[in-house]
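Now for the letters of each chain:
Number of protein chains: 2
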Amino acid sequence: MARIVQKFGGTSVADIERIRSVAERVKAAADAGDQVCVVLSAMAGTTNRLIEWTREAAKLHDAREYDVVVSAGEQMTVGLLAMVLQDMGVNARSWLGWQVPVRTDGTHGSARIAEIQAAEIVKRLEDGQVAVVAGFQGVSPDGRITTLGRGGSDTSAVALAAALEADRCDIFTDVEGVYTADPRIVTRARKIDRITYEEMLELASQGAKVLQTRSVEIAMNHQVRVQVRSSFSQAPGTLVVDEAEIVEFEVVSGITYSSAEAKVTILAVADRPGVAAAVFGPLSDSNINVDMIVQSASADGRSADITFTVNRGDVDRALTCLEAAREELGHHSVIADDEVVKVSVIGVGMRSHAGVAKRMFTTLAERGINIQAISTSEIKISVLIDAEYTELAVRALHSAYGLDAA
Amino acid sequence: MARIVQKFGGTSVADIERIRSVAERVKAAADAGDQVCVVLSAMAGTTNRLIEWTREAAKLHDAREYDVVVSAGEQMTVGLLAMVLQDMGVNARSWLGWQVPVRTDGTHGSARIAEIQAAEIVKRLEDGQVAVVAGFQGVSPDGRITTLGRGGSDTSAVALAAALEADRCDIFTDVEGVYTADPRIVTRARKIDRITYEEMLELASQGAKVLQTRSVEIAMNHQVRVQVRSSFSQAPGTLVVDEAEIVEFEVVSGITYSSAEAKVTILAVADRPGVAAAVFGPLSDSNINVDMIVQSASADGRSADITFTVNRGDVDRALTCLEAAREELGHHSVIADDEVVKVSVIGVGMRSHAGVAKRMFTTLAERGINIQAISTSEIKISVLIDAEYTELAVRALHSAYGLDAA
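Same order as they appear, the protein sequences are chains U and S.
In short: position in the first sequence from 1, add 33, done, that's this note's numbering.
In short: position in the second sequence from 1, add 33, done, that's this note's numbering.
Next up, chain U with everything else stripped away, as it sits in the complex:
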């Protein structure tokens, strides 16, 4: 007997028929004697329609009212699943964010969970009742509904698993688990059986869409065993666990790509101390995150070119910032380019194996792919390349690190 959290996304609850399939899975676990807490998203499409309405209502909308509108989605699915479960003879009840309560900060639209008071749910789980909790939503310190931002139901599920001290948190999705690369691009990609929190965190933040980054952070901090698995099969999926639970590491676990960033290049900046601060200070003040940075001396030796990447949505604001600093920077011009992609190789094995970076650069060079910027962490190397080469680069690297399925 275990205490488990089961999270189902929007495609798994898209209509009553699918909600019934979810109920059958929940019932199977409950019948087997497990204590089950279910976390649901809104029906696929519902959240998008609600967001569309808020856009029609007002261009610049109050995030507090936005949260009132979009949180209606999960409210429907939790009520419906609780009904279907009861109809199958399973003792169940729904819980909205404010009822649990899932307490968050007041950052409407992308709130962070501060605390989950789960005592009442624990008591009911122990009495054999299934809890059906609305994901994605919480309640602010002043009693208003908050939402956690896109993919927030993963975060709700993992945070609930932590608060309930659950034995496992199953994230049900429309793929079989976490793959060594996007299977739509790399046909020989393999499902990963076990992966460390650190690797999963890099995969999630470098473009793998299977888990929300924030949910992996919480899982890592609270040592929640997360399993990513398919709603449509009984296969075991991918287990995200502590390093100690993994006996042998691959050098590289996976290859990701992300088109979320754009490249900004400032040409002919005066090459003197303080220039970097003059560029990046104002960007930071405007809450614009800068990822990769390259500075190269220009031909005349008296000036430099600076290249960096920002989120695509921030490009216009970044250009405005730089324009405001033109006098101080004395630069010639600025070029923005969003025809770029960031490709990353990720693996904890990198820490003990030399030559991982060299293999990456060699592999890309052999295909004639130019590297425009590089960033690294202890377990990750990312390169920025021309977007046209995305598939070629990902497939070549997948082979080069021996990840191809037999």
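Read the hints as simulated data drawn from the structure, not as lab findings.
Don't take each hint at face value.
Since the list gives no way to pick out one identical chain from another, each pair is judged satisfied if it fits inside one copy or across any two copies.
Straight-line alpha carbon distances no greater than 30 Å define the calculated BS3-like cross-link-like pairs of lysine-lysine that follow [what the hints assert, rightly or not]:
{"hint": "1", "residue 1": "LYS60", "residue 2": "LYS92"}
{"hint": "2", "residue 1": "LYS242", "residue 2": "LYS224"}
{"hint": "3", "residue 1": "LYS92", "residue 2": "LYS224"}
{"hint": "4", "residue 1": "LYS391", "residue 2": "LYS156"}
{"hint": "5", "residue 1": "LYS156", "residue 2": "LYS92"}
Model the placement of chain S on the given structure of chain U, informed by the hints.
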């Protein structure tokens, strides 16, 4: 400057375009210096779709979960209206039932409002903020969402007007006000300018669909001035007020009809003391409301026929009750008939004018319409007739009491 409650139904908030029209009306009142509390229904069609989902989910569903699902409708509209108002420069915020809070009893699906704690809303109204409150919903003593039943937003609006000590409660609808008869049947029906609470209560409970009965009760008990008016025009509508505010009464104010009831006749019941108790006791124990009752001696003088009406939805249960009491009643058989309609004439003037009933019976007799049952109150006479004669009876009575528009 006045404090007003404005309630808009589902057709008035059916899409963003119409929500914008509502916002303009609210803004006009706020700009004129009024303190405005808006009460909204769900978008037309939304509640029906949500109810349909609950039916698909489970035949016998938990009313607590039903309330979770269907209350999502008003949640969307209040958030959207608050956004649109803010976009127009009006200070506004949304309130869900549990946020106000609107405290109800625990009768899920048809809860009664116990108390509205309106101090915070009053404070904000005085500070110039428009309150946008979700109608139809409240919160039970144990913190779960409740709904007030069909048309419950009228009740929310009037109860809020009472709690806020509002000067007026405007019920915006798709007709111009309360009419002397259903204009779809009686082309010469007239809009009523002023009507008493008592008359409105009879009109609402005898089939006029313009206001929920419960909302009129609350208005009467708390002396809330209710105005029924059109969302689509600036015409003043119908004012529902205390008798003291009306100088001259019509003898009859309006004619209504209702197809909500069915007739049950028990043939040849033993004619002895205690029989009525044996018939109506079990019905009452099963929470079946009986309206009209007629007892007539049968030909042999030793038995009687008993006819009564119940809500159509209760017919099957009523028949089961009677079957269970067959031994005690010793009756011959039971006939149920739902091809009947109840036609009522209503007016406080009846109290001081004789001959109202006589005119009704004469008018119907002249058209060859047989009266199957009669019930009366101080300001109302209802007759049960064959449903085929509905339009004929209503039109004839409308003329007979001098209600036809010139």
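The hints, checked one at a time:
no., hint, result
1, LYS60 <-> LYS92, "between (44 Å within a copy, 18 Å between copies)"
2, LYS242 <-> LYS224, "within (14 Å within a copy, 61 Å between copies)"
3, LYS92 <-> LYS224, "neither (42 Å within a copy, 41 Å between copies)"
4, LYS391 <-> LYS156, "neither (55 Å within a copy, 67 Å between copies)"
5, LYS156 <-> LYS92, "between (45 Å within a copy, 29 Å between copies)"
Checked against the numbered hints above, the structure violates hints 3 and 4; every other hint is satisfied.
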